[in-house]
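Starting from the known structure of chain A, arrange chain B on it as the hints suggest.
Sequence lines, in order, name chains A and B. Numbered by the numbering used here, the letters in the first sequence go through residues 13 to 203 in order. Numbered by the numbering used here, the letters in the second sequence go through residues 13 to 203 in order.
Wrong hints could be hidden among the right ones.
Cβ pair distances, simulated, as ranges [to be verified]: (1) B:Val49 with A:Gly136: 42 to 52 Å; (2) A:Glu31 with B:Glu181: 51 to 61 Å; (3) A:Asp57 with B:Gly109: 18 to 28 Å; (4) A:His40 with B:Arg135: 45 to 55 Å.
Calculated from the structure, these hints are not laboratory results. Positions of the beta carbon are idealized from the N, C-alpha and C atoms, including for glycine.
There are 2 protein chains.
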Amino acid sequence: MKEVSRVVQFSTKNKGKYEEAARVAASHGIQLVHLNVEKYEIQADDLAMIARVAAEQALKDPSAWAIVAEDAGFFVNALNGFPGPYSSYVYRQLGVGGILKLLQGVDERGAYFASAVACCSERGTFCFEGVVKGNVSLEPKGIHGFGFDPIFIPDMGDGRTFAEMDVDEKNRYSHRAIAFSKFCEWAKSSL
Amino acid sequence: MKEVSRVVQFSTKNKGKYEEAARVAASHGIQLVHLNVEKYEIQADDLAMIARVAAEQALKDPSAWAIVAEDAGFFVNALNGFPGPYSSYVYRQLGVGGILKLLQGVDERGAYFASAVACCSERGTFCFEGVVKGNVSLEPKGIHGFGFDPIFIPDMGDGRTFAEMDVDEKNRYSHRAIAFSKFCEWAKSSL
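Isolated chain A (complex conformation) (with noise of 0.2 Å):
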């Protein structure tokens, strides 16, 4: 593997997906800084349009010469695909209770998590995207991570949720790590 030491920053006030994030650069050469500045975020059902809008705000910071902006959401099959877009949101007014209240009596547990990363620099703005699919939990596990972590069990793991395993474990399986680890294979040829 060719060795670059590249440093972009990424935008983002959650520090939880800074830190995942960052452990996927490293192992790709590539150092991520935490920059946690006051941004919008525009509704629209599109992550990938919501991420280009923050990295593309973010880029103003004249200091900057590549940023990364993500957003992601959790997406329930039986609910119509909520709260998607807005799951951050939908976390903080109803918890993973909220989910759970509304999946009462359905069978249909299928959902994923879709992450959008887009990157902004003097090349234009090019976006990544990563999904995991698996299923809604019966009732939340595990400390770990963040947002809807405790209820979602990814397809591909062990039965275990997200909450019960740490950030390399999900790091082997997450949306996040599969659309950082696309821009990262990008950057090291195009940036």
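Frame of chain A; chain B shown alone:
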């Protein structure tokens, strides 16, 4: 009352909102014209901020001299204010049934609708707000209005839901009518 004949554009994709607002404005001698253009909404907990950004975007249309935009939300006390600023998204994904399911077994049924109208013109951007308090019904009733109207019983009414009232009757109580009335009073002396 001073006779005025003013035309103001209302930027919205929701025809029901336009019809309610246009009647309120007409009763104040102001003609609201429906402006149906693509715009993005920001994600924020503050309705006035969302309306303000929407109005300021719409004013970029060079033919406009004064534009109003409105953001409204349905805030359920027992759900920590959910769905709030994301009411239209939540309505599309979960419908009124989702709110009723989240409130199953919950005695506290208090809720309110809030509206923020932002007017953007050469004079700057000004916001006007309206709130109507009430309760979430046990089941949906009525065919008028839109969104969560079938499950909202305003305190000032006679026990019927907003969806059991025609536009003129809803306008006697509604958050939107209150906010647009404040706007119109201001517009008559200031625009």
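Hint check results:
no., hint, result
1, B:Val49 with A:Gly136: 42 to 52 Å, "26 Å, violated"
2, A:Glu31 with B:Glu181: 51 to 61 Å, "54 Å, holds"
3, A:Asp57 with B:Gly109: 18 to 28 Å, "20 Å, holds"
4, A:His40 with B:Arg135: 45 to 55 Å, "52 Å, holds"
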